[in-house]
Amino acid sequence: MRVRVQLFARLRELAGRSDVECEVGDGSTIADVWREVAGRHPGLAPYEASVSCARNEDFARMSAPVADGDAIAFLPPVSGG
Amino acid sequence: MRVRVQLFARLRELAGRSDVECEVGDGSTIADVWREVAGRHPGLAPYEASVSCARNEDFARMSAPVADGDAIAFLPPVSGG
Amino acid sequence: MSLLSITSQPLHAGVLAAELEREVQGRGEGCGAVCTFLGIVRATHKGRRVRYLEYEAFEPLALKTFDRIAREIAADWPEARVAIHHRVGRLAVGEASVIIAAASSHRAESFQVCRYAIERIKQIAPIWKHEFFAEGDAWVEGATADIEDETARRRARDIAACV
Amino acid sequence: MSLLSITSQPLHAGVLAAELEREVQGRGEGCGAVCTFLGIVRATHKGRRVRYLEYEAFEPLALKTFDRIAREIAADWPEARVAIHHRVGRLAVGEASVIIAAASSHRAESFQVCRYAIERIKQIAPIWKHEFFAEGDAWVEGATADIEDETARRRARDIAACV
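Protein chains in written order, with numbering that gives the first Met the number 0: chain A, 0 to 80; chain B, 0 to 80; chain C, 0 to 162; chain D, 0 to 162.
Everything labelled a hint here was simulated from the structure, so no lab data went into it.
Just so you know, even glycine gets a beta-carbon here, dropped at the ideal spot from N, CA and C.
Heads up, none of these hints are tricks.
Coverage of chain B stretches by chain C, computed from C-beta distances (three or more under 8 Å per stretch; other residues unrestricted): (1) 6-16; (2) 44-58.
What follows is a list of derived Cβ distance ranges for each label pair: (3) A/42 x D/14: 41 to 47 Å; (4) A/24 x D/43: 48 to 54 Å; (5) D/147 x A/15: 29 to 35 Å; (6) D/89 x C/9: 33 to 39 Å.
Derived coverage of chain D by chain A (criterion: at least 3 residues anywhere in the stretch with Cβ under 8 Å from a Cβ of chain A; other residues may be distant): (7) 119-127; (8) 132-142.
This is chain A alone, in the form it adopts within the complex (with noise of 0.2 Å):
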């Protein structure tokens, strides 16, 4: 399956790009998207602990399954405000 990954703030920044285009197993969860995108950025695996996620414009945990054509955003600790 191909999915999208979106990444932000310093995370955008560690991979030096925003947009990742991904491609994943049958049956992979947004955790199995995540160690792919930090295989190829090894600059994000500090965020292992820390980050959350979001398919398709919504929070969703890392255990969620993906479809093909999501969109997944990997979003390191908030500081809005």
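Starting from the structure of chain A, add chains B, C and D where the hints point.
Quick look at chains B, C and D alone, frame taken from chain A:
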């Protein structure tokens, strides 16, 4: 001694006037002034326990002495804000 | 513009907040938070429809009282600053009777100072609200103003520390 | 004007407060209190002089998060209404990064709702602050956004209501 008394809000309405000239004996306190004013305007009597007062534009105790020419103000319970 | 005032003119919180922000920005850690409170003339009071209100103040003493409240705040929240403008005269439903702005480097203090100020105003400022209904009118009478009442001051501080 | 927004334009609390006041005035007891909070770009951060900030947001999700916060508030404070405008892009020292307005019939709720909103924004809104100093820059990273974390929500409510 002659003192000028200012009445506010409902006290003013009950007395029908905002300013009262008042004659009290030497050694009088603000409480004596109140009794003098309330004697002339009995409608004020129910405020005996809840009134507060000022002397020459500063809060004062009812037990404070008054001097000739003082401006004494009687204030019903407040409701600003 | 004075930070403390009594006026018969409509109140504008924005100008007050901006002035206070500039003042606090220039010192210490700077200004990171401004909390404002607007007391508004409500359309109803205990189920009765309000036509309009009149506020009356013993102006010189009310200003001194605002200054006292500002000094109490300076003692308890030294990094914060407060501004208080209170309206007098006739007010329509929806108009602001009082605006308070509190600026500080961090948000908790700005909320606390703003809340403390409105609680203290209601306790000790020599200002009175006169409500006019479709039928009849009523003076509102709250607290007996007593600046020596430390229990009241502590109560205001406790309410504020909770915000 | 929308009550919830993300914008690169300067924020104006007055318009927001006025709109909210009108909305709350028309229902129930009416509107007696408006509390606003302005988060301001502070001149210093941990002793370092700030040149400017940049805020970045995941806009569609941030707007949904504001809507979630507004619904949480409607559940806990049914008489109150909240508005949230958050700025993105480059901000100078002294500018507002966020403005929150909370209107209700009585003052306690307006303070509580305003405080709850800013606490929740800091917990879960997908927005990031990037600080630029005279030398160097730093992303600020606070909470891991977790909308299912009921402990965090309760903490925001406790801070707001001082339980």
